[in-house]
Amino acid sequence: MKALVLLSSLGVIALLAEIFSFKKLMYPLVLLGLITTFILNLSDWDTNITYYNMMRYDNYAVAFTSVILVIAFLWFLMSESFFKASENLTDHFALILFALTGTVIMVSYTNMTMLFLGIEILSISMYILAGSNKSDLASNESAFKYLIMGAFATGFLLFGIALIYGATGSFDLTEIKVFIASHQGNVPPIFYAGVLMMLVGLSFKVSAAPFHFWTPDVYQGAPTVITAFMATIVKTAAFAAFLRLFSTTFANVSDTYVNIIWIMTAMTLMIGNISAVLQTSTKRMLAYSSVAHAGYMLLALLAGNSYSNSAVLFYTTAYSIGSIGTFCILNIVTHSKGNPARTTDGIQSGGDTVDSFNGLGKTNPLLAFVMTIALLSLAGIPPTAGFFAKYYIFTAAFQSGYAGLVLIAIVASLIGVYYYFRIIIAMYFKESSDEVVVVQNNHQLLLILVAVAIIALGIFPDFIIRLL
Amino acid sequence: MITILLIFFPLLAALLLLLVNAERAKNIALFAAIIEFGISIFAVTQFQHNADVQFEASIPWIQSLGIAFHVGMDGISLLLVLLTTFLVPIIILTSFKNDYKNPAAFYALILSMQMALVGVFVSLDGFLFYVFWELALIPIYFICLLWGGENRAMITFKFFIYTLAGSLLMLMGLIFLYQHTEGIHSFNMEALYKAGQSLSATQQGYVFVAIFMAFAIKMPIFPFHTWQPDTYTTAPTSGTMMLSGIMLKMGTYGLIRWLLPVVPLGLQQWGHLAILLSVIGIVYASCIAIVQKDFKRLIAYSSIAHVGLISAGILAANVQGVQGAMIQMLSHGVNVVGLFFIVDIIQQRTQTREISSLGGIRNVNPQFAVLFLIILLGSVALPLTNGFVGEFLLLNGVYQYSAAMAAFAGLSVILGAVYMLRSYQSIMLGEINTITAAFAPLSGNEKIVLVILCAAIIAFGVYPKPLLDIAEPSVIKLVEGVQTALGK
Chain A
0 MKALVLLSSL
10 GVIALLAEIF
20 SFKKLMYPLV
30 LLGLITTFIL
40 NLSDWDTNIT
50 YYNMMRYDNY
60 AVAFTSVILV
70 IAFLWFLMSE
80 SFFKASENLT
90 DHFALILFAL
100 TGTVIMVSYT
110 NMTMLFLGIE
120 ILSISMYILA
130 GSNKSDLASN
140 ESAFKYLIMG
150 AFATGFLLFG
160 IALIYGATGS
170 FDLTEIKVFI
180 ASHQGNVPPI
190 FYAGVLMMLV
200 GLSFKVSAAP
210 FHFWTPDVYQ
220 GAPTVITAFM
230 ATIVKTAAFA
240 AFLRLFSTTF
250 ANVSDTYVNI
260 IWIMTAMTLM
270 IGNISAVLQT
280 STKRMLAYSS
290 VAHAGYMLLA
300 LLAGNSYSNS
310 AVLFYTTAYS
320 IGSIGTFCIL
330 NIVTHSKGNP
340 ARTTDGIQSG
350 GDTVDSFNGL
360 GKTNPLLAFV
370 MTIALLSLAG
380 IPPTAGFFAK
390 YYIFTAAFQS
400 GYAGLVLIAI
410 VASLIGVYYY
420 FRIIIAMYFK
430 ESSDEVVVVQ
440 NNHQLLLILV
450 AVAIIALGIF
460 PDFIIRLL
Chain B
0 MITILLIFFP
10 LLAALLLLLV
20 NAERAKNIAL
30 FAAIIEFGIS
40 IFAVTQFQHN
50 ADVQFEASIP
60 WIQSLGIAFH
70 VGMDGISLLL
80 VLLTTFLVPI
90 IILTSFKNDY
100 KNPAAFYALI
110 LSMQMALVGV
120 FVSLDGFLFY
130 VFWELALIPI
140 YFICLLWGGE
150 NRAMITFKFF
160 IYTLAGSLLM
170 LMGLIFLYQH
180 TEGIHSFNME
190 ALYKAGQSLS
200 ATQQGYVFVA
210 IFMAFAIKMP
220 IFPFHTWQPD
230 TYTTAPTSGT
240 MMLSGIMLKM
250 GTYGLIRWLL
260 PVVPLGLQQW
270 GHLAILLSVI
280 GIVYASCIAI
290 VQKDFKRLIA
300 YSSIAHVGLI
310 SAGILAANVQ
320 GVQGAMIQML
330 SHGVNVVGLF
340 FIVDIIQQRT
350 QTREISSLGG
360 IRNVNPQFAV
370 LFLIILLGSV
380 ALPLTNGFVG
390 EFLLLNGVYQ
400 YSAAMAAFAG
410 LSVILGAVYM
420 LRSYQSIMLG
430 EINTITAAFA
440 PLSGNEKIVL
450 VILCAAIIAF
460 GVYPKPLLDI
470 AEPSVIKLVE
480 GVQTALGK
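Heads up: the sequence lines are chains A and B, in that order.
When we follow numbering that gives the first Met the number 0, the leftmost residue of the first sequence carries the number 0, and every step to the right adds one.
When we follow numbering that gives the first Met the number 0, the leftmost residue of the second sequence carries the number 0, and every step to the right adds one.
No wet-lab data here; the hints were simulated from the structure.
Small disclaimer: the values here were computed from a predicted structure and weren't measured.
Mixed in with the good hints there might be a few duds.
[Claimed, not checked] Calculated cross-link-like contacts (lysine-lysine; reagent style DSSO-like; alpha-carbon spacing at most 30 angstroms):
1. A/Lys361 to B/Lys157
2. A/Lys361 to B/Lys476
3. B/Lys25 to B/Lys96
4. B/Lys157 to A/Lys429
Extracted from the complex, chain A is given alone in its bound form (with noise of 0.2 angstroms):
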């Protein structure tokens, strides 16, 4: 709670920031109030205090938003420059602190309307921001996919909400367990209806499979800082709004859905890594990997037994961290090389093939040593955070008796490695004529903690999962 306190007067302050002009001191502003909410949210750990049953700040969502704090913080030393370059500097904090809010609202509501509330506004926030750069088509484009898209999601969702609403009389996450327990059998029709509704609209918002397809247009046309944002702080919140949801209140009913989620899970993992081996564009080919990464965490979500909350809060961690290091020297690789041109349909970028990374590993040891410890985290390898992660995931599966799927996430976690190594095979292997790429101080500061913190995680992986 004190974090939604907190970050929300963050973002009312950035607003007044334009009018008594202090948008100067606004960025280190941030970086404070980021600090000191995650301190004051560690707090409320073990208080497990409920808001007029509409939130209640357990365990949970402390983990979760600690994990969003450390990750903003982290996208906050990313995106220095884009603060930087933009004139509408205080729009664009005020957005990203407003969507941050209702990450918050997402990992504790226990109330479908809190639930809805927190989606929206993040999903503004993003639709807003990922338009951002106004000049650009393809910004635009990824912008007006982003709202249409979302916008239909946000309508299954509604509807989904409604029906079960009109099934149980109630909102109440709670209220709605108690009601599905005293009708053991006679449950209406409808809210059955419901939850798959609501199935779908989650299912667009982690993007899964068949409901990826706005995924790699709005990823690739979007600021690659906020594309960042999208693929880790997006994601972690969305997962955890769906885990919430589904592994307490429609436990009880998941009869309806494992075989949907099964298939699901099997068609995320496949078509994320297939379609990602398949393109040129590093940022899109970035972005369906985030697509096969979210058939990982449904796997999770499958499993649907103890491990599965810490399981989904570890691979998030290890997964939005990787993320953050890779988007952070893919912006740094793609502005060196200049902008990318852009044809005029603005979906072909030329500037971001797997080419541009070649020979980093001799005209920028940092970013080249930095990369292929991110990349080997996302694909699994040990010491690293992601193969821990990894190996969880398919611990939790197989508990639950999901051997097939893992034989599956084992076959796409190969397919994975075939397009991460491209890039360190790039990186090391080619040779390029190209100048020094010149990193700023915090973009140093940031990918020696990326380094260290992935490398962390994997050899004490503990202290995480002991969590939930």
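With the hints as your guide, set chain B onto chain A.
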């Protein structure tokens, strides 16, 4: 304590290398590797000759999942650690003359690989074993990618994906076992043994296949060997030596430690097929070796043949077979490193590895010819060389399992003699030609390496008892365990 030191000393040395300047890197690396060898010799002197796990250390690691940093050595582990620590300084010494770009990184990778290899051999926790197993792959991948030969990007990539596929299957098998451990799940080796043996025969069969795939690819045995000749040929010589001399033993060691005692009933179901594949591999690889034109590739194929025999001996699951495999793992490690070094020496001087374009080197450099011959004889298992003891025991072991298999496996000795002696004849004997006429004498380092290897080959062939004794109690205990589980 000494085990933990053995694991982490090379890692510390590797990190240190990144701080020093490039000129001194190789000397520091060699020095560190020799100290590591010293530590392992010290471990051998402290070793009690019984079947118990010694130098044990267990540190809680991921407690909530029952994973511990649990390491220790019995005779089997100790011999392989000894092999690793013996070969690494030699491998470092063989690359002294090479002018590598960025030598600090190169030697740091070699040493970090040594850490992972030692880790594999001493792990007593399934998860830890898996982590080290995978960890060994990363340094060798970069060694091959950065310092390898022609077309290396694709070839090393195939190698990586291939072995990773096997590893992930093994991970599935290990997780399956883990979930069948009693009480609070644990990756402790004893717990996994118990869990494995309590499974039904069908389940044991699945686990056997999953775990066997990882080892079969790593060794490699037919038909999972397709990555091997290309990778061995393309890798820089020290990389090939690490791969064939030590890394290959991860697979055979895995069979002994993490497969036979875990799922004995799985062995009963699939063992016959697995031995058959190993034996097919022996004959197949030997036949291909005979027609190879490239000497390095020939040795790569000969390595498949040798490892096929080792794996057949282990899977026969009797004392002679497993004990023979232990001996042969050591001998093969020494011999194959020697042979690849010979290739490297020839290639450095003549710029070619083509067998037919060489000839008459013996007339130019008789000293080299003698040393080459000794290593070669070790490789073809002449009595009184190290190869003989191992092959004899292995064939004996396979014979007890099946006489027919042993007959075919025995072809490895004959065919091995054919391709090795033929290539010796073609390279060393005959007329001197323009390529070999200016064959430079051996340098000091080269002499040291070859003499050490030859001395090891002969000493071990004449008097193998001290090393045999180290492993014997553990091997007997292990085989008896498997035999009891099979109800024999």
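Evaluated hints:
no.	hint	verdict
1	A/Lys361 to B/Lys157	holds (24 angstroms)
2	A/Lys361 to B/Lys476	violated (53 angstroms)
3	B/Lys25 to B/Lys96	holds (10 angstroms)
4	B/Lys157 to A/Lys429	holds (18 angstroms)
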